[in-house]
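Residue-level listing of the chains:
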Amino acid sequence: MQDNLTSLEIDALTEIFNIGIGRAANSLNQMVSQTVDLTIPEIEILPNKVAKQKLDFDSGVDISAVTQRFSGDFQGQALLMFTKENGLQLVSLLLGNKIPIEDLSELEQDSLVEIGNVILNACFGTVINFLQSSISIEMPEFIQGNIDKIFTYSSDNDWSLYIKVKFSLPSKHIAGHISFIMDITSLEVFQESVRKFVFGITSKVGS
Amino acid sequence: MAKTILVVDDSIVSRMMIKAIIESHLQGVNIIEAGNGEQALDRVDKNKAIDIAFIDFNMPGMTGLELISALADKLTIPKVALLTANIQNEIREQALAAGVTFLNKPVNEEVIATFLHN
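Top line first, the protein sequences correspond to chains G and C. Quick note on numbering that gives the first Met the number 0: the first sequence kicks off at 0 and runs consecutively. Quick note on numbering that gives the first Met the number 0: the second sequence kicks off at 0 and runs consecutively.
Treat each hint with caution, since some may be false.
[To be verified] Here are a few chain G residues that face chain C, going by a calculated C-beta distance under 10 Å:
no., residue
1, 10
2, 15
3, 24
4, 123
5, 125
6, 127
7, 128
8, 132
9, 136
No lab work stands behind these hints: they were computed from the structure. Every value quoted in this text rests on a predicted model; they were computed, and no experiment measured them. The beta carbon of each residue, even a glycine, is placed where N, CA and C say it ideally should be.
Given these sequences and hints, build the entire structure.
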């Protein structure tokens, strides 16, 4: 299964997501006026149950997440995730620290959905433009709970294309994850888009 | 005399794109490629001049700005471009303070060509 993507295709995908996440970080930086650090995207094809473990949240941890499902040329789920505490800290920053953290719960959902919408769409926009794909994106949805509630799929044995980036606001000790999880059923179409993109580059180099 | 250009990016595809654009604009150019900062420092010889450098910001190990600072201890590169999609003000300001041109990713032919020729 892992052999489905060549190293050059994985490299191209990593770079595309790197650019998308870079733009997302810029958007978040503008929203909260804090420097945002990023890791290099990790891209793997994994069984769902392994992908869930890779999300780095213990099952006992309360997570605040914004998820957007997408469908079209390829389909899956994009997730922006924080621990509940980090989510509230981020909302507090967004609102300029004017509201005591104990009073933030009411605004938490709206604020995180807005942050998620901006961040996930910055990533989507870049990926779609690069791969010249057509996908429609559902409205962002706020979910709170443990990882089993956040990351849902039909079968443990199905495989997914799994992309993960960790971002942090080091001065505020806030960290979160952005993940894109794509159904294996749509992976073939996605791979074809990646191949066309890579072919476009390699043919230009060779010309 | 043929120019020597350093291209540092952890993405092979990105290096291929930059290299293709450079080669279509400059004849007989000598391109040194590296996939990260440590590799770049190994491949750069302080006795051989580098005319231009294209350096990615977000790489495993040292960042592009850290590499630019380390390179400055070894040799003077007249034109250095920092490539990133992460256009946060702090990074932009650090790039400007280091005397580096900030180029937004994804790079295109026009942007690279303008940087090469100006």
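Right, here's what the structure says about each hint:
no.	hint	result
1	10	holds, 5 Å
2	15	holds, 9 Å
3	24	holds, 5 Å
4	123	violated, 14 Å
5	125	holds, 8 Å
6	127	violated, 13 Å
7	128	holds, 9 Å
8	132	violated, 16 Å
9	136	violated, 20 Å
Figure legend: structure checked against the earlier numbered hints; hints not met, in rising order: 4, 6, 8, 9.
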